[in-house]
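Trainee: If you read the protein sequences in the order shown, they are chains P and X. So the first sequence is residues 1 to 999, counted in my numbering. So the second sequence is residues 1 to 106, counted in my numbering.
Treat the hints as calculated values from the structure; they're not laboratory data. Hints may contain errors.
30 angstroms max Cα-Cα, derived DSS-like pairs, lysine-lysine [to be verified]:
| hint | chain 1 | residue 1 | chain 2 | residue 2 |
| --- | --- | --- | --- | --- |
| 1 | X | K51 | P | K485 |
| 2 | P | K485 | X | K78 |
| 3 | P | K992 | P | K914 |
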Amino acid sequence: MSQPFRTEKGGRIDRAAEISFTFDGEGMTGHGGDTLASALLANGVHLVGRSFKYHRPRGILTAGSEEPNALVGIYRNGDQTPNLRATQVELYGGLEAISQNRFPALGLDVGAVNDLMSPFFPAGFYYKTFKWPKAFWDRVYEPVIRAAAGLGKPPKNPDHDRYGNLYAHCDVLVIGSGPAGLAAALAAAETGARVILCDEQAELGGSLLSEGSATIDGKLAPDWAGETIAALGAKDNVTLLARTTAFGYFAQNFVALAERLTDHISEPDPNVPRERLWQVRAREVVIAAGALERPMVFPENDRPGIMLADAGRTYLNRYGVKVGHKVLVATACDTAWQAAFDLADHGVEIAAIADMRPNPPDALQAIAQARGLRVETGCVVTGTNGRKRVKSALLGRIVEGGVTSAGDVACDALLMSGGWTPTVSLYSQSRGKVVWDEAVGAFVPGVSVQNERSAGACRGVYGLAATLEDGYAAGEAAAKAATGKTAALARASSNGADAGTGGVLGTLPHDRNASKVKAFVDYQNDVTAKDVKLAVREGMHSIEHIKRYTTTGMATDQGRLSNLNALQIAADALEKPLIDVGLTTFRQPYTPTTFGIFANVSRGDFFDPVRKTPSHGFVEEKGGAFEDVGQWKRAWYFAESGEDMHAAVARECEVVRKSVGLFDASTLGKIEVVGPDAAEFLERMYTNPWKKLAPGRCRYGLMLNDAGFIIDDGVIGRLADDRFHVTTTTGGAAHVFATMEDYLQTEWPDLDVWITSTTEQYAVAALQGPKAREVIAPYIDGIDLSAEAFPHMSVATGTFNGVPCRLFRISFTGELGFEVNVHRRHGKMVWDTLSTEIEKHDGVVYGTETMHVLRADKGYIIVGQETDGTVTPDDAGLTWAIGKKKPDFVGKRGLARPDLVAGGRKQLVGLLTKDPKIVLEEGAQVTKLAKPPAGTPAEGHVTSAYFSPAAGRSIAMALVKDGRSLKGETLNIPMPAGAIAVEVVDPVFYDKDGARLNG
Amino acid sequence: MLLIHCPYCGVDRPELEFRCGGEAHIARPLHPSATTDEEWEAFLYLRTNVKGIYAERWRHIHGCGRFFNAVRDTVSDKFLTVYKAGEPKPDLDALARDAQKGETGK
Numbered sequence: 001m002s003q004p005f006r007t008e009k010g011g012r013i014d015r016a017a018e019i020s021f022t023f024d025g026e027g028m029t030g031h032g033g034d035t036l037a038s039a040l041l042a043n044g045v046h047l048v049g050r051s052f053k054y055h056r057p058r059g060i061l062t063a064g065s066e067e068p069n070a071l072v073g074i075y076r077n078g079d080q081t082p083n084l085r086a087t088q089v090e091l092y093g094g095l096e097a098i099s100q101n102r103f104p105a106l107g108l109d110v111g112a113v114n115d116l117m118s119p120f121f122p123a124g125f126y127y128k129t130f131k132w133p134k135a136f137w138d139r140v141y142e143p144v145i146r147a148a149a150g151l152g153k154p155p156k157n158p159d160h161d162r163y164g165n166l167y168a169h170c171d172v173l174v175i176g177s178g179p180a181g182l183a184a185a186l187a188a189a190e191t192g193a194r195v196i197l198c199d200e201q202a203e204l205g206g207s208l209l210s211e212g213s214a215t216i217d218g219k220l221a222p223d224w225a226g227e228t229i230a231a232l233g234a235k236d237n238v239t240l241l242a243r244t245t246a247f248g249y250f251a252q253n254f255v256a257l258a259e260r261l262t263d264h265i266s267e268p269d270p271n272v273p274r275e276r277l278w279q280v281r282a283r284e285v286v287i288a289a290g291a292l293e294r295p296m297v298f299p300e301n302d303r304p305g306i307m308l309a310d311a312g313r314t315y316l317n318r319y320g321v322k323v324g325h326k327v328l329v330a331t332a333c334d335t336a337w338q339a340a341f342d343l344a345d346h347g348v349e350i351a352a353i354a355d356m357r358p359n360p361p362d363a364l365q366a367i368a369q370a371r372g373l374r375v376e377t378g379c380v381v382t383g384t385n386g387r388k389r390v391k392s393a394l395l396g397r398i399v400e401g402g403v404t405s406a407g408d409v410a411c412d413a414l415l416m417s418g419g420w421t422p423t424v425s426l427y428s429q430s431r432g433k434v435v436w437d438e439a440v441g442a443f444v445p446g447v448s449v450q451n452e453r454s455a456g457a458c459r460g461v462y463g464l465a466a467t468l469e470d471g472y473a474a475g476e477a478a479a480k481a482a483t484g485k486t487a488a489l490a491r492a493s494s495n496g497a498d499a500g501t502g503g504v505l506g507t508l509p510h511d512r513n514a515s516k517v518k519a520f521v522d523y524q525n526d527v528t529a530k531d532v533k534l535a536v537r538e539g540m541h542s543i544e545h546i547k548r549y550t551t552t553g554m555a556t557d558q559g560r561l562s563n564l565n566a567l568q569i570a571a572d573a574l575e576k577p578l579i580d581v582g583l584t585t586f587r588q589p590y591t592p593t594t595f596g597i598f599a600n601v602s603r604g605d606f607f608d609p610v611r612k613t614p615s616h617g618f619v620e621e622k623g624g625a626f627e628d629v630g631q632w633k634r635a636w637y638f639a640e641s642g643e644d645m646h647a648a649v650a651r652e653c654e655v656v657r658k659s660v661g662l663f664d665a666s667t668l669g670k671i672e673v674v675g676p677d678a679a680e681f682l683e684r685m686y687t688n689p690w691k692k693l694a695p696g697r698c699r700y701g702l703m704l705n706d707a708g709f710i711i712d713d714g715v716i717g718r719l720a721d722d723r724f725h726v727t728t729t730t731g732g733a734a735h736v737f738a739t740m741e742d743y744l745q746t747e748w749p750d751l752d753v754w755i756t757s758t759t760e761q762y763a764v765a766a767l768q769g770p771k772a773r774e775v776i777a778p779y780i781d782g783i784d785l786s787a788e789a790f791p792h793m794s795v796a797t798g799t800f801n802g803v804p805c806r807l808f809r810i811s812f813t814g815e816l817g818f819e820v821n822v823h824r825r826h827g828k829m830v831w832d833t834l835s836t837e838i839e840k841h842d843g844v845v846y847g848t849e850t851m852h853v854l855r856a857d858k859g860y861i862i863v864g865q866e867t868d869g870t871v872t873p874d875d876a877g878l879t880w881a882i883g884k885k886k887p888d889f890v891g892k893r894g895l896a897r898p899d900l901v902a903g904g905r906k907q908l909v910g911l912l913t914k915d916p917k918i919v920l921e922e923g924a925q926v927t928k929l930a931k932p933p934a935g936t937p938a939e940g941h942v943t944s945a946y947f948s949p950a951a952g953r954s955i956a957m958a959l960v961k962d963g964r965s966l967k968g969e970t971l972n973i974p975m976p977a978g979a980i981a982v983e984v985v986d987p988v989f990y991d992k993d994g995a996r997l998n999g
Numbered sequence: 001m002l003l004i005h006c007p008y009c010g011v012d013r014p015e016l017e018f019r020c021g022g023e024a025h026i027a028r029p030l031h032p033s034a035t036t037d038e039e040w041e042a043f044l045y046l047r048t049n050v051k052g053i054y055a056e057r058w059r060h061i062h063g064c065g066r067f068f069n070a071v072r073d074t075v076s077d078k079f080l081t082v083y084k085a086g087e088p089k090p091d092l093d094a095l096a097r098d099a100q101k102g103e104t105g106k
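This is chain P alone, in the form it adopts within the complex (with noise of 0.2 angstroms):
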């Protein structure tokens, strides 16, 4: 038989399915139902790892999640998932596992001489070891300590399975099928409760399928777990997920679920998600989520082969392997001695039973002297040897004062038990605050802080009969809170696996020398107890400073294996109790959980929507370039063979000006604002006087906050009396509107207004160009376009092509403009029959690009470029748009703070470069001086910077302090390459007065 630990018969796996898959390269076989651990450790394996900062060979400590030693990688699909926990990998054909942490191999490895050096390493070596010299702490220290540290490599290619997403309700989440939660689930499903009922593991049962000898109802615990499990999945309000950690527990019983649905799978189908989340809302929660075994802290407890008891007892006999063939067990209380009489009813030789204490119950001693197996009394382990495997173990005899040696012990395996730890991760999540239970001798929940109860192991109530009561008492209760119903449900009896004695914190007694042994107390991050002192000699007093210095209780299992033992130790060297130290606080997650799961769908094309305009197809088929404005895409500039994007930015503007382009301009913000008080509400808003505007006119409208900054800015025009179509920037259409809403609703909820957002209503096409009426002419119905008719500044309806539509006469390049607004399923019409026709005119389609340079030749801002939120109307020259006479309107009172009124602020201006073809780069910073000293503060920042063909050179916008009185000076741009110098002017930079706005 190719598997030697395997037993002849016994356990829940499938012995007829043979497997096969690769550790480290090695082909070795295991059956259905078995764990990466379970299949390594029938084929004799223990050695799975090194440790993290020692390089120490590391085996399998546990059988569940919390398993710090055994972290494998997996291949698959040509990348590898690292840091898995192999305890939890459930073995399927053709898995290939990898060991991490060692170089070249996991039997020879390099980085043991850490193990060597360890004096060097002591709890806080990097804040001692590595400050100087400066220079060595990125390119030496960080890269060394790196490559030694760690453990898994990362995946090399981007994540290609799909993660699914559920949001769930249900009256009670049930979290653990142990026991306790099968009796939670049982009682509350009775009452008709929609009840969930999950588990991280493979199978449902928790403890029950570890159990030997126990029975409930007469029947083994492992047959009574299955047949509860297909009564409760076979009713309509029970839902019942295995392979699913409930890894989160947030505000108001919001629990997170992780359920793992292909990995366990050789071939999944790709159409099913890897991992899906469960998003649960709970009326209630029982949290049965049990307890863990306490490693003992002895000298070299971390060789492979050392493991905790009952993880040795459910290698046995929920996966029918034997974890040695002559196996000793230390143990400080009652529920080890089991797990050496099931192994010995399996035929194991069991080297001895070392309990810590005086007197083990006598009922044990006579179970143990029936089998006739040795057992020490008042003896501890004081040490082991073997190098990658455990060959024996040193004895202690506790005496009067201190411990003398009993001799060595052969073994191949040693289980250690120190007692329990409940698991109350998640109750802590929840925010309740764990109290001390002398009884219990570890923390346990305290008052429930949101709508939940623990059952069972993890508050302390153990033995089998007893979870299984207060499982029922549980599920009654929630399920009576929740859905106010009881229901009357016979209560399973159960024989056998009762509560156990016994149980120590800290380290054990030993006649070693101290100062040269280890004793781990946080495998997974090499802490030993050693550390734990030291940590409190140097002056960590606090458990919260403690953890960090030394990172005990920081791994994977967040403490839940180590926190208690070094607690104990801290307390011991601080000299206080234990309660008085404190607990730390456990975080989401509780275990590792993937990124992929948290993001989900919303990746690649769903990871933020994609806004497109109605010319999108146009550009993409004239290969415009696009840029990305919020979650717009726009028209950048169209190239033409050969040009780069300042040769065709700068053959648009030139085309605009001589002829007429086309822009589009559908990302504009857009807000109908109606009612009786519409033209009220705008006075209140904006800075510009509104009541007087009449029907048929824009004006453009300047929006503050009420500290008096500029914030957006757009045209509105009036339809009618009691209708405006408001315009904003793009980028802020939904602020300004969530902005007009709070006023509205909270300030001035008496005035009569409706406003509504149009932005994804109207489809918008800008001409602009002397020719722009020539090309829209034909198109239009119902508009009188003269000059006198429709002048600059106004708005009409009418039709283009047939279809309604919003005429403004407006422009924002400084030319005759004419934009057109439709119903969005009419843009792609307009857009194509004015891409068209202006084609008659020889005229273009521009992009934002050349939309900037035009504006800027005109010295209009844009909102976000020439203002950062602390410019005012005064700063950016736009004074003229405030309506002095009105009494009040937002920013009007900020707009007379003291530091708004007062001299110095940085102003707006026009910058010529001396040299007309050096373009400045904006953001760069405004000096009086070519070479200011050190420390000199800018005077201020370019804003825009631009070639502009209407200029014929080079033109810019700064914001510089007092700059309108600096109208002719030299001021200097400092750069890396040598100051620029500039000469500060008006920021207008074409057609001054206007003229061809009004063609």
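Mind docking chain X on chain P? Use the hints.
Mentor: Here is chain X on its own, set in the frame of chain P:
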């Protein structure tokens, strides 16, 4: 993910549908021009920012769009009550006492 009760819709909805709007009951002065610089500064910037029971504005932005007020315990993140815009500020101390009673009654 908090569940928040919208007093206009009359339903509990997930936090995603809402946006917090800062401290409630900070009314914009009716005649801003008549305020002193200190008064205007206080209106613009000064908030109580308490650790504990806090009345704040929320907007059901992805629902009915309405602003309403809520009293929330900033320590526990629990909503003690919600009420419509324009309704008077509740007695926060009384709400805190009731909440305390609810806790200990559990």
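Trainee: Going through the numbered hints above, which ones does this structure break? Give me the numbers in ascending order.
Mentor: Of the numbered hints, just 1 does not hold.
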